[in-house]
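Protein chains: 2
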Amino acid sequence: MTRRQVHLNVNILNAGVFGGSWRFPGTDPVASFTLDHYVRIARRAEEATFDAVFLADGPAIREDLRYRPFNSLEPSVVLAAVAAATRRVGLIATLSSSYNDPYDVARRFASLDQLSGGRSGWNVVTTAGTEAAANFGYDAEPEHAARYERAAEFVEVVRKLWNSWEPDALLGDKANRRFADPGKIHPAAHHGARFDVEGALNVPRSPQGEPVVVQAGASKDGRALAARVGEVIFTAAQTEDEADEYYRDIKSRAVALGRRAEDVVILPGLSTVIGATEAQAAERRELLAELVPPEYALARLASQLGVEQDALALDSPLPWHLLADPDEAGGSQTFYKIALGLARRENLTVRQLLRRLGGGAGHRIVTGTPEQIADAIIDWVDKGIADGFNLMPDVLPGGFDDFVDGVVPILRRRGVFRTEYSGTTLRDHLGLRTPDHVARRHEGAA
Amino acid sequence: MTRRQVHLNVNILNAGVFGGSWRFPGTDPVASFTLDHYVRIARRAEEATFDAVFLADGPAIREDLRYRPFNSLEPSVVLAAVAAATRRVGLIATLSSSYNDPYDVARRFASLDQLSGGRSGWNVVTTAGTEAAANFGYDAEPEHAARYERAAEFVEVVRKLWNSWEPDALLGDKANRRFADPGKIHPAAHHGARFDVEGALNVPRSPQGEPVVVQAGASKDGRALAARVGEVIFTAAQTEDEADEYYRDIKSRAVALGRRAEDVVILPGLSTVIGATEAQAAERRELLAELVPPEYALARLASQLGVEQDALALDSPLPWHLLADPDEAGGSQTFYKIALGLARRENLTVRQLLRRLGGGAGHRIVTGTPEQIADAIIDWVDKGIADGFNLMPDVLPGGFDDFVDGVVPILRRRGVFRTEYSGTTLRDHLGLRTPDHVARRHEGAA
Chain A
1 MTRRQVHLNV NILNAGVFGG SWRFPGTDPV ASFTLDHYVR IARRAEEATF
51 DAVFLADGPA IREDLRYRPF NSLEPSVVLA AVAAATRRVG LIATLSSSYN
101 DPYDVARRFA SLDQLSGGRS GWNVVTTAGT EAAANFGYDA EPEHAARYER
151 AAEFVEVVRK LWNSWEPDAL LGDKANRRFA DPGKIHPAAH HGARFDVEGA
201 LNVPRSPQGE PVVVQAGASK DGRALAARVG EVIFTAAQTE DEADEYYRDI
251 KSRAVALGRR AEDVVILPGL STVIGATEAQ AAERRELLAE LVPPEYALAR
301 LASQLGVEQD ALALDSPLPW HLLADPDEAG GSQTFYKIAL GLARRENLTV
351 RQLLRRLGGG AGHRIVTGTP EQIADAIIDW VDKGIADGFN LMPDVLPGGF
401 DDFVDGVVPI LRRRGVFRTE YSGTTLRDHL GLRTPDHVAR RHEGAA
Chain B
1 MTRRQVHLNV NILNAGVFGG SWRFPGTDPV ASFTLDHYVR IARRAEEATF
51 DAVFLADGPA IREDLRYRPF NSLEPSVVLA AVAAATRRVG LIATLSSSYN
101 DPYDVARRFA SLDQLSGGRS GWNVVTTAGT EAAANFGYDA EPEHAARYER
151 AAEFVEVVRK LWNSWEPDAL LGDKANRRFA DPGKIHPAAH HGARFDVEGA
201 LNVPRSPQGE PVVVQAGASK DGRALAARVG EVIFTAAQTE DEADEYYRDI
251 KSRAVALGRR AEDVVILPGL STVIGATEAQ AAERRELLAE LVPPEYALAR
301 LASQLGVEQD ALALDSPLPW HLLADPDEAG GSQTFYKIAL GLARRENLTV
351 RQLLRRLGGG AGHRIVTGTP EQIADAIIDW VDKGIADGFN LMPDVLPGGF
401 DDFVDGVVPI LRRRGVFRTE YSGTTLRDHL GLRTPDHVAR RHEGAA
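Top to bottom, those sequences are chains A and B. Going by full-length UniProt numbering, the first residue of the first sequence is number 1, and it counts up by one from there. Going by full-length UniProt numbering, the first residue of the second sequence is number 1, and it counts up by one from there.
Any given hint could be a false lead.
A pair holds if it fits inside one copy or across any two, identical chains being indistinguishable in the list.
[Stated by the list, open to error] Computed cross-link-like contacts, EDC-like style, restricted to lysine to aspartate or glutamate with a CA-CA straight-line distance of at most 16 Å: (1) Lys220 with Asp28; (2) Lys174 with Asp28; (3) Lys383 with Asp315; (4) Lys174 with Glu290.
If you're looking for bench data, these hints aren't it; they were derived computationally from the structure. Everything numeric in this text was worked out from a predicted model, so none of it was measured.
Make the full structure from the sequences, and use the hints.
Take a look at the structure:
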C-alpha cells in the first residue's frame, strides 16, 4: 500500500522567515530585490520536485524598514519571470481581493497559466491594515466581514471569467479562416452586490482548466471562505491539536458544501532550522534570535497585538486584560490566535514568546537534524492532520538548500515524496482534478 | 559628424499587424498565447540592438474573434517572463490608467524595473470602448476628457510613488543592523481630485530612476498629455506632413511646459512588408490583403468609424455626411483621423481604403526591399520628423526576422543604428537622462 504522500511548497519570504534572516552570515541582505534570488530558489525547488513556490504579499509597507525586509516586488510579475526560468514547479502568487479588480486578476493568472504551461495558482487574501487601505483611496481598513464578503464574490467573478472560454473555443483554423468560435465564448455577465463584470475574459481557457485557488482563512469568515473556494489552504498550527481541529473543520465544511475532501489540500506553515547535529541546529536557532534587535521585536509584537509597546514587559506574561477576543480582533487573525494560544498554553513571558515566534507570522518552527525535520513532516501527514507543508526556511537561500540537500532525500527514501514529477501542471502536482468547464447561460448577456 | 541615430521598438502584435497575418503561410496562428513567441522575438530584437519590445493592450475583447487574434495575455506578466529570458532589450508594456489603481501600476513597473535591471517602460493608455468599461463595473465608456484628466493625475501619482524612495534609502547594512533608512523614504501623500494615495511605495527606487513613461496621444487632450508626461511618444503618421506637424507640435508643447526637446522621443508606427525584390514585396502585400475576409474588413471599419455597415459600399467613397469631426469622435482618435485623412487625400473608395489600412490601426505601411525600407526609415529621421519608429512587422515572427536580417545591417552600415548597446537600461538606449530624485515634503503625510 502506498503511504500518504507529502505536498511541499516553499514560501520565498525575502531573506527568510526570521526577523534577522537578512543579517545571517553569508546572506545577501538585498537579494530579494533581484530576479536571481527567486530563480535560484525556484530552480532548486524544481530539482527537489516541490509542488510550488509561493509568494506572500501586501500592497503597503507594514514593517519597520530599519530592521528587516518587507513585501516588495509584485508577486505576479516576479513569478512570471520565474516561469520563464523553470519548467515544472508550480507558481503561487498572492493578490488581494480587497484592492484589485476581478477582471484584471482573472486575466493576470490566466496569462501566467498560459505562459507557464498550467502552473499558476492564486492565493486570495483580503489584506488587513490601514496602510494598504490608504494606498487605495480608503480612510480605513474595510471591516473584516465586508472584506470576506467581497472576497467570496470576487472569487466567484474570477471563476466565471476563467470559464468564459470553452476548452475548444480557440481554433486557429487557417484553412477555414476561423480563428476562434464565438459560440463557445461566453460573457461572465456577473451582476452582483459588489461587482458588475460583463466579460468574456480575453484569455482562452487555462491549460489546467482554471488556475488553482489558494486561501489561508483562520477567522470564522476566513474558514468559511477557505472551505468554499480554497483548493490549497495554508494554515498556521503550532500543535497537533490545532492542526487536527483545523484540518477536520475545513474538510467537513467543504464536504458540507458539496465538495470532495480530496479537492482541498491543507498545508500548515513550517519554519525549519536545520543543523547537521541537534547542537548545531540549536546554535543556529540561537544565532537567529540574537540577530533581531529586542527593541524592534517588542515594538512589532505590540503592533501585531494592537497594544501600546509600554504594555509589554519582556519578563512578564502578556497583558491579557488588554487583549481582544481573537474573533473580535481586526487585522490578521492567524497571527493573533496563534500567538495567544502559544503564550497561554506554555505560560510564556513576552521574551519567551518573542523567541518562539522568531519574528514570523506565528508558524510552527522545527529545529533539528534533517532526520528530525523529516520525522516532523511525516508525523503530521501520517496522522492525517496535514496534507503537507508550506515550507518557510529560516534563511534564504541557505536554509532551503539545507532542506533540499538534507531533508528531501530522506522523504524520498521513506517513500512519501515524489522523485520526479508525474504531470506538468500545478493541479497534477497537487493531485487536484481539472475542473469541468462550467457552461454559462447567456441570461442578461450582450 | 555623427548622423542622427534611429531608435527602434518592435511591437509584438500577436501574429502581426495585418488582419490576415495569422493565416500567412508558415505562421503558427496561436503562437501569441505562448511564451516562446515573445521570447523568440525579444531575443532577436536584442540581437539586433533594438531599444525595446512593446506590447499594446486593452482589457476586453473588441475584435471579432472569428477572424483574427486579439489583445490577450496581460502585458506586464508577459514582459516579466521576457525579462528573465533577455539581458538588455527594453520592455514596454501598456496598462490602462482608466481601469487600474496607481499604487498597483507604480508597483508592477517598479518591480519589472528591479527584475530586469532597469529596462521597463509603461505605455499609458486611457482605453476607449464600452467593452472595457463593462468589465470594470461601468455602464459606459468614461467621457473622453475625463479619461485624460484621470490619466494626467494617475501619472502624477505614479511618479510620486516612484520617487518615494531616495536612491540611497536601501542600506542592507548587516553590521549596523540597518536594513533601510526611513528618513529617506517618503509617503507620496497624494490627495487630488481623483486619487488619494498615501504611499510610500513598497519598492525601492528603480534602477533607471523611474521607469520610462510612454504615451500615444493623438487627440487634443492626448497631445497635451503626451507633451506633459511622455518620454517616448508613439504616433500614427501616413505622410511627411502629418509626421512633421505632430513632431513639431509635441516638441514645442513639451518645451513650453519647461521640458527639453531631447527628453521626448517621438516614434511613428511603421508597418513593413519586406521582399527580396520589389515584385516579391508587392506579391506578399497582395497575399496579406487576400487573407482578410472582405465581409470582416468591412464590418470592422464600420465599427471603427462608428457607422452602420450598410452605410459602407465597397466601391464608393466614405459616407462623409455620417462621419463625425475627429475631435468630436469618442474612441480611438488615432485611427479615426488617419483613416479619414487617407481617404480624403487620396480620394479612396472603401475597398481601396481597407487595402491601405491592412486591417491595422492606421499606421503607415512601407512595402519594398530591405534597401527601400531602410531608406524610408532614414529619410524621416534625417528630416527631423521622427526620432525612429515603432516597428509593426506584417507577420510575426517571420516579417521581423526579415527586418533583422535584411534592414538592420543596412541601417548599421549607414551609421544610423547602433551595433552594440552602449548602456544597460531602457533610458540608456533611448538617450533619456535618469531623472533626479524628486524630494517630497511631508506635508499632510503620516
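Here is what the structure says about each hint:
1. Lys220 with Asp28: Intra 40 Å, inter 50 Å, cutoff 16 Å: neither.
2. Lys174 with Asp28: between (52 Å within a copy, 9 Å between copies)
3. Lys383 with Asp315: Neither, since 36 Å and 78 Å both go past 16 Å.
4. Lys174 with Glu290: between (66 Å within a copy, 13 Å between copies)
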